[in-house]
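Please model the complete structure; the sequences and the hints are all you need to start from.
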Amino acid sequence: MRVAFGGELEQLGVDLAAMCRLAGDAMEQATRALVGADLALAERVIAGDSELDVLRARCEDRAFSLLASQTSVARDLRLLVSGIQAAEKIERMGDLARHVAEIVRRRHPQPAVPPELCGTFAEMGRLAVHAARAIEHTIANPLQSQLVERERADDRTDELHRGLLTAVSRKDSPYPVQTGVDVALLSRFFERFADQAVAVTRRLDFVVTGTTPR
Numbered sequence: 029m030r031v032a033f034g035g036e037l038e039q040l041g042v043d044l045a046a047m048c049r050l051a052g053d054a055m056e057q058a059t060r061a062l063v064g065a066d067l068a069l070a071e072r073v074i075a076g077d078s079e080l081d082v083l084r085a086r087c088e089d090r091a092f093s094l095l096a097s098q099t100s101v102a103r104d105l106r107l108l109v110s111g112i113q114a115a116e117k118i119e120r121m122g123d124l125a126r127h128v129a130e131i132v133r134r135r136h137p138q139p140a141v142p143p144e145l146c147g148t149f150a151e152m153g154r155l156a157v158h159a160a161r162a163i164e165h166t167i168a169n170p171l172q173s174q175l176v177e178r179e180r181a182d183d184r185t186d187e188l189h190r191g192l193l194t195a196v197s198r199k200d201s202p203y204p205v206q207t208g209v210d211v212a213l214l215s216r217f218f219e220r221f222a223d224q225a226v227a228v229t230r231r232l233d234f235v236v237t238g239t240t241p242r
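Straight run, no breaks: the sequence shown in this note's numbering ends on number 242.
Among these hints, one or two may not hold up.
Unchecked claim - FRET-style restraints, in silico, Cβ to Cβ: (1) SER197 x PRO137: 18 to 28 Å; (2) ARG154 x ALA75: 21 to 31 Å; (3) ASP200 x ASN169: 47 to 57 Å; (4) ASP186 x ARG133: 24 to 34 Å; (5) ARG198 x SER97: 51 to 61 Å; (6) HIS136 x ARG184: 24 to 34 Å.
Source of the hints: derived by calculation from the structure; they are not laboratory data.
Keep in mind it's a predicted model, so treat the numbers as computed, not measured.
C-beta atoms are modelled at their ideal positions from N, C-alpha and C, and glycine is treated no differently.
This is the structure:
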């Protein structure tokens with residue numbers, strides 16, 4: 029029974045890693061769609077979001093089933109609880125990428141953001157994708173904490189977010205109201221993606237250390 033339990037735990041990790049990969053791919057494509065006003069790529073992100081929903085449900089079902097098996101030890105319990113929480117947050121990361129793509133689709137054929145702000149969004153996208161890839165790596169290598177790096181990247185994303193808000197909200201802003209709203213929303217989606225990545229990383233650290241995530 030313990031061998032079967034271990035196999036199910038391993039599969040939970042595989043599915044969580046797959047979710048990270050999909051969320052990272054989605055945000056990478058959404059960023060490219062945003063910067064390039066690429067409708068086809070935006071549509072691909074939107075259509076692919078359901079795959080993350082399926083994986084989240086699978087992770088939660090497997091984790092709850094294992095919790096009910098009564099063969100768990102303390103570290104297993106931490107992994108299962110963290111797995112349930114992480115699946116929800118990674119799925120949310122995918123939703124945020126979809127939200128970016130939806131704004132691209134809504135504004136097409138016009139670009140959703142001014143050309144001079146594309147570089148900032150491209151950097152936010154790179155940070156977001158790196159965060160998803162780092163979580164995927166941490167799931168496969170749970171003793172290698174990425175928390176400090178994730179928090180630093182989150183700080184940088186927050187800085188970029190504040191810069192964009194300032195650019196579109198100052199009194200002498202050259203941007204129309206609709207552009208300002210789109211930029212603020214898009215920036216918020218990237219900022220929330222980074223926040224979710226930090227939250228997942230904290231839960232993965234909890235599996236190893238037993239220290240309750242903040």
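Checked hints:
{"no.": "1", "hint": "SER197 x PRO137: 18 to 28 Å", "in the structure": "27 Å, holds"}
{"no.": "2", "hint": "ARG154 x ALA75: 21 to 31 Å", "in the structure": "24 Å, holds"}
{"no.": "3", "hint": "ASP200 x ASN169: 47 to 57 Å", "in the structure": "49 Å, holds"}
{"no.": "4", "hint": "ASP186 x ARG133: 24 to 34 Å", "in the structure": "27 Å, holds"}
{"no.": "5", "hint": "ARG198 x SER97: 51 to 61 Å", "in the structure": "58 Å, holds"}
{"no.": "6", "hint": "HIS136 x ARG184: 24 to 34 Å", "in the structure": "29 Å, holds"}
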